[in-house]
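Asks: Kindly generate the complete structure, drawing on both the sequences and the hints.
FYI, in numbering that gives the first Met the number 0 the residues of the sequence shown are 0 to 279.
It is possible that some hints are incorrect.
Said to hold, decoys possible - As a list, the in silico DMTMM-like pairs of lysine to aspartate or glutamate whose alpha-carbon atoms are at most 20 Å apart:
(1) Lys184 x Asp116
(2) Lys186 x Glu218
(3) Lys3 x Glu102
Said to hold, decoys possible - Simulated restraints, written as ranges between beta carbons of each label pair:
(4) Ala270 x Gly214: 30 to 38 Å
(5) Gly195 x Gln74: 41 to 49 Å
(6) Arg187 x Ala131: 27 to 35 Å
(7) Val124 x Leu240: 21 to 29 Å
(8) Ala270 x Met110: 27 to 35 Å
(9) Ser101 x Thr133: 19 to 27 Å
(10) Gly241 x Arg113: 30 to 38 Å
(11) Thr133 x Ala270: 15 to 23 Å
(12) Val124 x Gln74: 17 to 25 Å
(13) Arg84 x Lys3: 21 to 29 Å
(14) Met132 x Trp97: 19 to 27 Å
Note that these hints are calculated values from the structure, not bench results. From the three backbone atoms N, C-alpha and C, an ideal C-beta is built for every residue, glycine too.
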Amino acid sequence: MTMKTILVPLEDSGAAPAMLMAAWLTARRFAGSIEALYVRRSLPGVVVADIGGYAAATPDLMQSFEQEDRQRASQVHALFDNFVRERGGEGEAVEAIWAEASEAGDQALGMYARVHDLTVVGRPVAGQSVPAMTTLETILFDSGRPILIAPPRPPASLGDIVVIHWNGSTETARATALAMPFLNKAKRVVVVSVEGVTVPGPNAGALARYLKGNGIAAELRELPTDSRGGGAAVLAEAQSLGADLLVKGAYTHSRLRQMIFGGATSHILAAAEIPVLMAH
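Replies: Shown next as structure tokens:
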């Protein structure tokens, strides 16, 4: 298992520099490649005609929409080329590929991600329409592969000190297994659990023993119940350890429940300032 092929769905947004840097650091660590993918926006089938109803999109509107999309693709392509050019002399060579999806919309991302080891997305930020939570969740649930969520600011390092948020769940077991390439190369791996933020399953000590049996000298941190919630406690611990990667199973509880009551996944998606590797 490795992380050779890194997919980066790019759009013209403030998240692009952080996403590209996270992908670059990962590809350089594993001597892999980055594929930047531009996905066309879905063409609206109808437009509002008036208060009373809708009218079909006109040929002129469709032509204008397609022209804007081509311009947007060109701008994003230039952004990618500039990023790669600026890093041409930094360390090991990283193969960089530009691609444009033949399909439109988020569903295309879920399909393309199935044939890549990892997909890098931007962390949604309150008050900004992009990166969109729907994009992140589509890739998470449709690809069958892990995602790497880049923080708003470009990371300086990625994978030297790795924290695993263990809660005993199937989702976290899968995320940990998919993160093994990072764990094998990390300088330090710390398994963190929070009292009361678990589901029936093996405890954090069992995971630490499993990792040690696979040649990874994992440390164990068991935190007491935190009034701030499990997600906040884990992020605070990761910060205190100087971690530059968090491994987390996504949505042990349903998205609807987390939307209503909150949860560790929701908090980490809203507040993480370090890269987060997630799987469902």
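Asks: Compare the structure with each hint and give your call.
Replies: Results of checking the hints against the structure:
no., hint, result
1, Lys184 x Asp116, "holds, 16 Å"
2, Lys186 x Glu218, "holds, 12 Å"
3, Lys3 x Glu102, "violated, 24 Å"
4, Ala270 x Gly214: 30 to 38 Å, "holds, 33 Å"
5, Gly195 x Gln74: 41 to 49 Å, "holds, 48 Å"
6, Arg187 x Ala131: 27 to 35 Å, "holds, 34 Å"
7, Val124 x Leu240: 21 to 29 Å, "holds, 24 Å"
8, Ala270 x Met110: 27 to 35 Å, "holds, 30 Å"
9, Ser101 x Thr133: 19 to 27 Å, "holds, 21 Å"
10, Gly241 x Arg113: 30 to 38 Å, "holds, 34 Å"
11, Thr133 x Ala270: 15 to 23 Å, "holds, 19 Å"
12, Val124 x Gln74: 17 to 25 Å, "holds, 21 Å"
13, Arg84 x Lys3: 21 to 29 Å, "holds, 23 Å"
14, Met132 x Trp97: 19 to 27 Å, "holds, 26 Å"
In terms of the numbered hints stated before, the structure departs from hint 3 and from no other.
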